[in-house]
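Engineer: Listed below, chain by chain, are the residues.
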Amino acid sequence: MFVINCPFCGEREQSEFKAGGEAHIVRPKQPTELSDDEWAEYLFMRKNIKGVQFERWNHAHGCRKWFNMVRDTSNDEIKAVYKMGEKPPIE
Amino acid sequence: MTKNLRVKTGKAIDETYRISFKFNGKTYYGFKGDTLSSALLANNVHLVGRSFKYHRPRGIMTAGSEEPNAIVQLHDNSSRTEPNVRATEVEIYEGLEASSQNCWPSVKFDVGGINNFLSPLLPAGFYYKTFMWPASFWEKYEYFIRKSAGLGKSPTEPDPDIYEHRYIHCDVLVIGSGISGVMAAKTAAKNGFKTLLVDEKPNLGGSTIYQNSDYFKINNQNSNSWLEKEINEIKKLKNLEIKTRTSVAAYHGYNFLLARENFTDHLPIEQRKDKTRHKLLKIRAKKVISATGSIERPMVFDNNDRPGILLSSAIKRYADFFGVACGEKNVLFTNNDSAYETAISLIQKGINIEAIIDNREEVDSKLVYEVEKNNIKIFKGYTVTNTFGYKKISGISIKQLSKDGQKVVGSRINLSCDCLGVSGGWTPAVHLFTQSGGKLKFRDEDQVFIPSIYPSDQLSIGSCNGDFTLDEILINTPKSLKEFLNIKNTEYESLEVISSTNKSKRNIWLLPSDKVLGKTKSFVDYQNDATAKDIKLALREGFRSIEHVKRYTTTGMGTDQGKLGNMHALGIISETAGAKMGELGTTTFRPPYTPLTFGTIVGRNVGEYFDIFRKTPIHSWHEKNKAEFENVGQWKRAWYYPKENENMHQAVQRESKAARESAGILDASTLGKIDIQGTDASEFLNRVYTNAWSKLAIGKCRYGLMLNEDGMVYDDGVTTRLGENHYIMTTTTGGAANVMGKLEDYLQTEWPELDVYLTSVTDHFATISVCGPNSKKIVSEVISDLDFSDESFPHMSFKNAKIGKINCRVMRISFTGEHSYEINIQANYGKSVWEKCMEAGKDYNITPYGTETMHLLRAEKGFIIVGQDTDATMTPIDLQMDWIVSKKKYDFIGKRSLYRSDTIREDRKQLVGLLTEDPNEVLEEGAQIVADVKKSPIEMLGHITSSYFSPNLKKSIALGVVRGGKNMIGQKLIIPMEKKNINVTVADPVFLDKENKRLNA
Ligand SMILES: [Zn+2]
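Chains B and S supply the protein sequences, listed in that same order.
Per my numbering, residue 333 is the first one in the first sequence, and the count goes up by one each step.
Per my numbering, residue 2 is the first one in the second sequence, and the count goes up by one each step.
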């Protein structure tokens, strides 16, 4: 169980949070202009990396804010947390 | 007659306090402080169980939590009965009852023992190979395997004990209170760290606390007295909390650990009442120091499993701690100096040692010289090749080892004995370290795995870090502590240490024998009866990965997780396959380190506290009026209200008729309610619902359907425009939290530019729905100063109103198809308004109805229930709800998916009505729908999603999803049931009042 540093509340137990999948996938502004393949790319295709991964997390049992997190999935090390809309502090 | 093998007062026991207990029905006596195993050994009872596969007699082997054999059932025939308990960990108390677990009908005469003679037929993978085929026989196999394997009995009554959970946050957690753990705890606490020290045993001190000889000294005191003083000092430290009888079960990432603190297991049953039995400690430590010690290794030789064969260190512990001699004619068998420490202890206590067999040829060790001085015969360069005796060891054969240790040479010597102590060196207890994600490295000199890469802020010290001798511990521990705690000094900088252990060891994983391997029974895993032969067979059959060999041979898969045998398994694999130990990897140790009872894991979350349940503000009225309840998510909802002897069907028929003929009343408080405000509220609704919202007038209500981005129906409900920038959305009961979460997600992450605020107000309002032709009369009596005319208050509109002085919102909306009103009022007035409605409806036979009638009434109208008539594969088009999907809107959640190649297929499953040929035949929900029963295999077209007998239509009605169903109206289909096929006709899903006349009736 990790300790997650919520950008709004500070360090809290993982049980207060909900994972929300891969980060930085922007909903297309004009979905109707996309082909089936392009829409499917947005809708279904997600990375599942062993290593450094960018993820969305929600402080569901806390401030209820969504934020982003950089986590190494091989050892669960959290490399950074940052607010929605901010640039990742790590490449 | 049982012998008394108590020799001298042990350190841990109180000889003035005699305790009687029962083992396998027979009464024995021990002393306060005894474990079940020490008390049995004192009574010369070695045979305590049968092995898992061959049912060989097995005895106590260890003195700790690593015990593989002495697994007992406690408190047989009571609600406290507990299987899989290690006798070595049970502290005896007056009235204790224990029995052997793995044998039937008795430990001395065991039917399964026949397996021992059949063992050539039971090689590795036997279960897999034999019971694979035919599959239909599996039920029979399983019965016999389970019966003869006998994994203990679980209690059949509720657990009478109390369990608790506790969170602990500390700066430093020290696991293990041996000499290094005590030094660590003292150093941490004295340097200002809030420290917690835990140990699984009832007392502190590990193994050093009984190391009482001139050969081990610290500052001129015997090591045990030095440590005793340290322990007395740490007990006074303010910054230090000490917990004994507390075993760490799991070590997770981020220094999160689970430990079980045991409060009552050592007390007589009558003293346990109202006390907490176990506490599950959830520990979050900034720093963790593992001082978990090491486990002595047995050795692998022919018949190494007989009762009376123990670890040499266990014999020492039983003698030092409990004053118990494990035998009268003891032989020790070793490949290192440890057995000599045992020998010196036994000599001190006057316990007879016949001989010592040492694998090593030459040893320059003070301990060996001391033993030799006492005229004990030492066979150097020898190995045990076989043992004798059935229910207890009676003798051994030994032979000289060849120079390379691969063969035995010379002539056989037989020795008689009643106890054999074995020492194959030590294995660091790195289980918790590896659970935490730590990586090990292999140290070639003494063939051990030790911690190498730490995944979190933690440290291993003492013998779990590979420091086995007293001088190593006392030199390395302070060094590591200074660095780890970032401090300048410890109290242990200039200790004078005398440590006499010679570190030499002659490690041979599989000892040679004068028999071929196939004829030997050299056990590697005692609990699972895996032998060296099995491991070699697995390798011959092509298994290479250590994880595969483990599963095939079941090595290390018992409740002890192979604490004793895993290293030998690895060693044998490495030697046979010619691979290096360090490169083979190790198997994974998983939590818990020692088994936990379910009670400890669930804590107080039992019975009505198992899960949260939510009650509406009107719940007590439903209870008083004998409602049956149904669980909807966490809610308890009134299901139906049976009168006198009514069954569910009768009650629902009555309720449904009343609602359509006069008036019905439903508690709809569980519906999710989300308050939406902000200048972009209308735009927001446009984006989340499939239909258009910008033109909805203030005071009007609209039904909305919400999709997932993949186009599938997610939730539905009525939303009301309360003001220019203010809406109240209702969601399904079960979907409320998820809808709220989803809307927040879009607002925060995709559309942060929208000025919209969401508040969950589900619990703030009670919602009372009154429906039926007389609903207007009833509601207008409860709310007197409101114009209820259809012109002023038409269907799908809303009014603010007052009941007395209390504000409420009244919506004229309908889920039944009847003229109906929904009163929303501050939750704490819910029950009184409900009662007012009941009073006002008295003359109209107002009938409370539950969820079942609600489902029936809406099915008559063909209204869907999301989650019942839909699963995550239904689009609005599949539901024949094209009318609610806006063609004009540029975008909404899921829109693009509605014309993906897959979602526009004509032959998707579509929602239709189904009418049975026989109007009295009610279909089963979930039943399959087919067209042709003669075709093989029968092609499945869909299934029934909702089905009822409609009292208003006087016939059976059903909704179902059918492939291409939309174009099949009027077509005949078949519902094949177990006993008969039922003929149905595909129909329009709206069965009643298609013109919606009743809404304004
Ligand atoms: Zn937060």
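Honestly, the hints are just simulated from the structure, not real lab data.
Hints may be right or wrong, so weigh each one.
[Stated by the list, open to error] With a straight-line cut-off of 25 Å between C-alpha atoms, the simulated DSS-like cross-links for lysine-lysine are:
#: 1; chain 1: S; residue 1: Lys890; chain 2: B; residue 2: Lys411
#: 2; chain 1: S; residue 1: Lys288; chain 2: B; residue 2: Lys361
#: 3; chain 1: S; residue 1: Lys743; chain 2: B; residue 2: Lys361
#: 4; chain 1: S; residue 1: Lys440; chain 2: B; residue 2: Lys411
#: 5; chain 1: B; residue 1: Lys361; chain 2: S; residue 2: Lys890
#: 6; chain 1: B; residue 1: Lys361; chain 2: S; residue 2: Lys442
#: 7; chain 1: S; residue 1: Lys837; chain 2: B; residue 2: Lys350
#: 8; chain 1: S; residue 1: Lys837; chain 2: B; residue 2: Lys361
#: 9; chain 1: S; residue 1: Lys837; chain 2: B; residue 2: Lys419
#: 10; chain 1: B; residue 1: Lys379; chain 2: S; residue 2: Lys889
#: 11; chain 1: B; residue 1: Lys411; chain 2: S; residue 2: Lys888
#: 12; chain 1: S; residue 1: Lys778; chain 2: B; residue 2: Lys350
#: 13; chain 1: S; residue 1: Lys896; chain 2: B; residue 2: Lys415
#: 14; chain 1: B; residue 1: Lys382; chain 2: S; residue 2: Lys442
#: 15; chain 1: B; residue 1: Lys361; chain 2: S; residue 2: Lys287
#: 16; chain 1: S; residue 1: Lys287; chain 2: B; residue 2: Lys350
#: 17; chain 1: S; residue 1: Lys778; chain 2: B; residue 2: Lys397
#: 18; chain 1: S; residue 1: Lys778; chain 2: S; residue 2: Lys696
Engineer: For each hint, tell me whether it holds in the structure or not.
Structural biologist: Hints, verified against the model:
{"no.": "1", "hint": "S:Lys890 <-> B:Lys411", "verdict": "violated (42 Å)"}
{"no.": "2", "hint": "S:Lys288 <-> B:Lys361", "verdict": "violated (48 Å)"}
{"no.": "3", "hint": "S:Lys743 <-> B:Lys361", "verdict": "holds (18 Å)"}
{"no.": "4", "hint": "S:Lys440 <-> B:Lys411", "verdict": "holds (21 Å)"}
{"no.": "5", "hint": "B:Lys361 <-> S:Lys890", "verdict": "holds (14 Å)"}
{"no.": "6", "hint": "B:Lys361 <-> S:Lys442", "verdict": "violated (53 Å)"}
{"no.": "7", "hint": "S:Lys837 <-> B:Lys350", "verdict": "violated (43 Å)"}
{"no.": "8", "hint": "S:Lys837 <-> B:Lys361", "verdict": "violated (52 Å)"}
{"no.": "9", "hint": "S:Lys837 <-> B:Lys419", "verdict": "violated (58 Å)"}
{"no.": "10", "hint": "B:Lys379 <-> S:Lys889", "verdict": "violated (35 Å)"}
{"no.": "11", "hint": "B:Lys411 <-> S:Lys888", "verdict": "violated (45 Å)"}
{"no.": "12", "hint": "S:Lys778 <-> B:Lys350", "verdict": "violated (49 Å)"}
{"no.": "13", "hint": "S:Lys896 <-> B:Lys415", "verdict": "violated (29 Å)"}
{"no.": "14", "hint": "B:Lys382 <-> S:Lys442", "verdict": "holds (23 Å)"}
{"no.": "15", "hint": "B:Lys361 <-> S:Lys287", "verdict": "violated (46 Å)"}
{"no.": "16", "hint": "S:Lys287 <-> B:Lys350", "verdict": "holds (24 Å)"}
{"no.": "17", "hint": "S:Lys778 <-> B:Lys397", "verdict": "violated (47 Å)"}
{"no.": "18", "hint": "S:Lys778 <-> S:Lys696", "verdict": "violated (32 Å)"}
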